[in-house]
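One line per chain: the protein sequences are D and P, in this order.
Sequential numbering from 1 applies to the first sequence in the numbering used here.
Sequential numbering from 1 applies to the second sequence in the numbering used here.
In case anyone wonders, no lab produced these hints; they're calculated from the structure.
Heads up, a few of these hints could be off.
Quick list of in silico lysine to any residue cross-link-like pairs, SDA-like style, CA-CA up to 25 Å [stated by the list, open to error]:
#1 D/Lys-80 x D/Glu-135
#2 D/Lys-34 x P/Gly-159
#3 D/Lys-34 x P/Ser-276
#4 D/Lys-80 x P/Gly-120
#5 P/Lys-154 x D/Asp-302
#6 D/Lys-80 x P/Val-26
#7 P/Lys-34 x D/Lys-305
#8 P/Lys-215 x P/Thr-24
#9 D/Lys-255 x D/Lys-312
#10 D/Lys-305 x D/Asp-264
#11 D/Lys-154 x P/Gln-318
#12 P/Lys-215 x P/Gln-318
#13 D/Lys-34 x D/Glu-135
#14 D/Lys-80 x P/Thr-24
#15 D/Lys-80 x P/Lys-154
Just so you have them, the derived chain P footprint on chain D, three or more residues with Cβ under 8 Å [what the hints assert, rightly or not]:
#16 40 to 47
#17 50 to 64
#18 68 to 80
#19 108 to 118
#20 147 to 155
#21 187 to 198
These numbers come from a predicted model, not from an experiment.
Even glycine gets a Cβ: it sits at the ideal position worked out from N, Cα and C.
Number of protein chains: 2
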Amino acid sequence: MSEKDPAVDMHGAVCPVPLQQKSTIVIGHGSGGKMMHDLISEVFIPAFGNPILAAGNDAGLAPAGSNSHYAISTDAHVVKPLFFPGGDIGKLAVCGTVNDVAMLGAIPKYLAAGFILEEGLDISILSQVVQSMRESAEEAGIQIVAGDTKVVEKGKADGLYITTAGFGEIIPYPHPIGGQHAQPGDRVILSGTLGDHGIAVLGARGDLGFESDVKSDIAPLNHLIHAILQVSDKVHVLRDPTRGGLATSLNEIAKQSQVGIILDEKTIPVKPAVQSACEMLGFDPLYIANEGKLIVICAAEDEEKVLATMRKTDDGQQAIAIGEIITDPPGRVLMKTLIGSHRVVDILAGELLPRIC
Amino acid sequence: MSEKDPAVDMHGAVCPVPLQQKSTIVIGHGSGGKMMHDLISEVFIPAFGNPILAAGNDAGLAPAGSNSHYAISTDAHVVKPLFFPGGDIGKLAVCGTVNDVAMLGAIPKYLAAGFILEEGLDISILSQVVQSMRESAEEAGIQIVAGDTKVVEKGKADGLYITTAGFGEIIPYPHPIGGQHAQPGDRVILSGTLGDHGIAVLGARGDLGFESDVKSDIAPLNHLIHAILQVSDKVHVLRDPTRGGLATSLNEIAKQSQVGIILDEKTIPVKPAVQSACEMLGFDPLYIANEGKLIVICAAEDEEKVLATMRKTDDGQQAIAIGEIITDPPGRVLMKTLIGSHRVVDILAGELLPRIC
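Let the hints inform the model, and build the full structure from the sequences given.
Below, the structure written as structure tokens:
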């Protein structure tokens, strides 16, 4: 077989048929990882392509009026089950979108919510979800100003799906905040433990095979972010590591900014119960979704004051510096392991945990 | 049975069990009619209640910055089948939200789109839908600045559901435009024929039992509206009669403004093919959804120039005055029939045509 054979992939392994693009949607396309990125870059960006969307941040930065900008974001929520320790689909639908908007340094102001309801859904369940949305919206300080309701036949929609869109006002800051602004020398700070949300949902689904008391970390992060931006004018990137986990979010940032990121494994916080669940199931906490965690990338000189500010808040008590931005290799994330070697931390390839948000 | 028996409904008919609220979601809750209004007023408004949402317009009017307002709207789209004569779910997802935003007299600027994809969906179908969204967005002059993709298992989601949210900038106008601003003496103008969209979707579904060449009227109406607002400063209400049809939209306006509306049946335009389909199926075109029609309520003195402006546009060629705003009975819609009598035109009660948008 010649070296030019298209059936030989880049690692030299031989594939019996030429590698091809998937022609139908598979669960992995919703993973937040490589398959989803491929779908976005091959189907959505070529069609919708504009500089705002192509920036690839959690929210689009849109000019409004003569002199201001708004952050606009949307998230569809299909979590299964609807209720899990620490939250439910309603809390997720509000916090997920609030957080995406806040990641551009915006104050989330308005939310729109579209409900797809399954025939036969108990209205008492809908009421609980809606009440939870209300409480989360109050906590985040956002108003729900538009809504829509559709009903589909029994057997569709698993009770309900909720899609929210958020609209936030960019606050004055010396420079734009976004995934493309990480700079060599910057420090990477994480607000707390990894993997709580994914493991909590798996537990509620009965997929762990054992009892777990792990609660989801879902929380609106806008107040935490606001506190950070008040004390530091050198924050370059904010990102919440949701689908695809910390590993995928950092890979996205490394590519957007064309920098390398080096992590120190011993600093990365994971709860013992999450660690145990991951070991039993063969998961890596770096790839598990979080819904109330924040990555802050800021100039090294502001690291201490950002950490101190975060640690004073409920959602940032366990904030810790986990790595730094380097020049080489651009677009890659490396990890200094516990035994002192280095390994590449890649983007999530397929699907780890479907339907966790 | 005493007159006070709760089992006697208001028309005097006897119901074998006391009338009760539904405790589960039924298809009628997605109708756009009375059941949906009840669900909104009993579940959503009490939880989310704020003056913007409670205004009950197609879009929420939200203050932005110091001196401007934005129109924010959202729509979930679950149409079945995905493609039908004159359009598809993608065109619907863009135009539906563009139109809701435009109904407050706003220029639609930005769109966010959340996709719920069914495992097994052909990516070529997704690409067609996305291409159609692109074309509609270009036609409407709106940018798609945020998106999200989730995947659910085979058997859920009928291929795909799309929820869009739209953001529009309110343009300077002497007064606010909205369902609560109709005034006695105002004229009611309709931009064209009723029922085309609903009958086109039914035809594509094979539910008509015969061949039909009716095409959906889906279109972005923002350019038509912009033209109207340029020639008249006396427009009080704009509304697109979608789910629930003209009858339901006018009932909503009558209630919001606490006025009566009297229609003249002989003026109401319906295509012969739509009329035939309705007669065979026992439907009333007044209740069938439209996706490219506009109701304009303006001062009588501006009727002629609004009509003349509308008739110069593609989407308003058949514009016609169909009625007027009266003082009594407040909150009701009346129709002067072909034989000269008057009848009450009520809001849609249950569900007429599920899954048409």
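Hint check results:
1. Only pairs whose Cα atoms come within 25 Å are accepted, and D/Lys-80 paired with D/Glu-135 is accepted, the gap being roughly 21 Å.
2. Of the pairs offered as hints, the one joining D/Lys-34 and P/Gly-159 holds, with about 22 Å between alpha carbons and a cut-off of 25 Å not exceeded.
3. Taken as a hint, the D/Lys-34 and P/Ser-276 pair is broken in the structure, with Cα atoms around 52 Å apart against an allowance of 25 Å.
4. Distance check on the hinted pair: D/Lys-80 and P/Gly-120 sit about 19 Å apart at the alpha-carbon level, within 25 Å; holds.
5. Between the alpha carbons of P/Lys-154 and D/Asp-302 the distance comes to roughly 49 Å, so the proposed pair goes past 25 Å and is violated.
6. Restraint check: the Cα-Cα separation between D/Lys-80 and P/Val-26 comes to about 21 Å, which is no more than 25 Å; the hinted pair holds.
7. For the proposed pair P/Lys-34 and D/Lys-305, the alpha carbon gap of about 56 Å is over 25 Å, so the pair is violated.
8. Of the pairs offered as hints, the one joining P/Lys-215 and P/Thr-24 is violated, with about 35 Å between alpha carbons and a cut-off of 25 Å exceeded.
9. About 32 Å separates the Cα atoms of D/Lys-255 and D/Lys-312, which puts this hinted pair outside 25 Å; it is violated.
10. Between the alpha carbons of D/Lys-305 and D/Asp-264 the distance comes to roughly 20 Å, so the proposed pair stays at or under 25 Å and holds.
11. With a C-alpha separation of about 40 Å, the suggested pairing of D/Lys-154 with P/Gln-318 is violated against the 25 Å cut-off.
12. Our distance criterion of 25 Å between C-alpha atoms is met by P/Lys-215 and P/Gln-318, whose separation comes to about 16 Å.
13. A C-alpha spacing of about 34 Å is found between D/Lys-34 and D/Glu-135, which places the hinted pair above 25 Å, so the restraint is violated.
14. At roughly 20 Å between alpha-carbon atoms, D/Lys-80 and P/Thr-24 fall within 25 Å of each other, so this suggested pair holds.
15. Simply put, D/Lys-80 and P/Lys-154 have alpha-carbon atoms about 15 Å apart, close enough for the 25 Å limit, and the pair holds.
16. Here the stretch 40 to 47 of chain D counts 4 residues with a CB under 8 Å from a CB of chain P, which clears the bar of 3, and the coverage holds.
17. Coverage of the stretch 50 to 64 of chain D by chain P holds in this model, with 7 residues showing a Cβ closer than 8 Å to a Cβ of that chain against a need of three.
18. Here's how the stretch 68 to 80 of chain D fares: 9 of its residues keep a CB closer than 8 Å to some CB of chain P, so the rule of at least three is met and the hint holds.
19. Counting residues of the stretch 108 to 118 of chain D whose beta carbon lies closer than 8 Å to any beta carbon of chain P gives 9, which reaches the threshold of three, so the coverage claim holds.
20. By the rule of at least three residues with a Cβ nearer than 8 Å to a Cβ of chain P, the coverage given for the stretch 147 to 155 of chain D holds, with 8 such residues.
21. For the stretch 187 to 198 of chain D, the stated coverage by chain P is not satisfied: 0 residues place a CB nearer than 8 Å to a CB of that chain, which falls below the threshold of 3.
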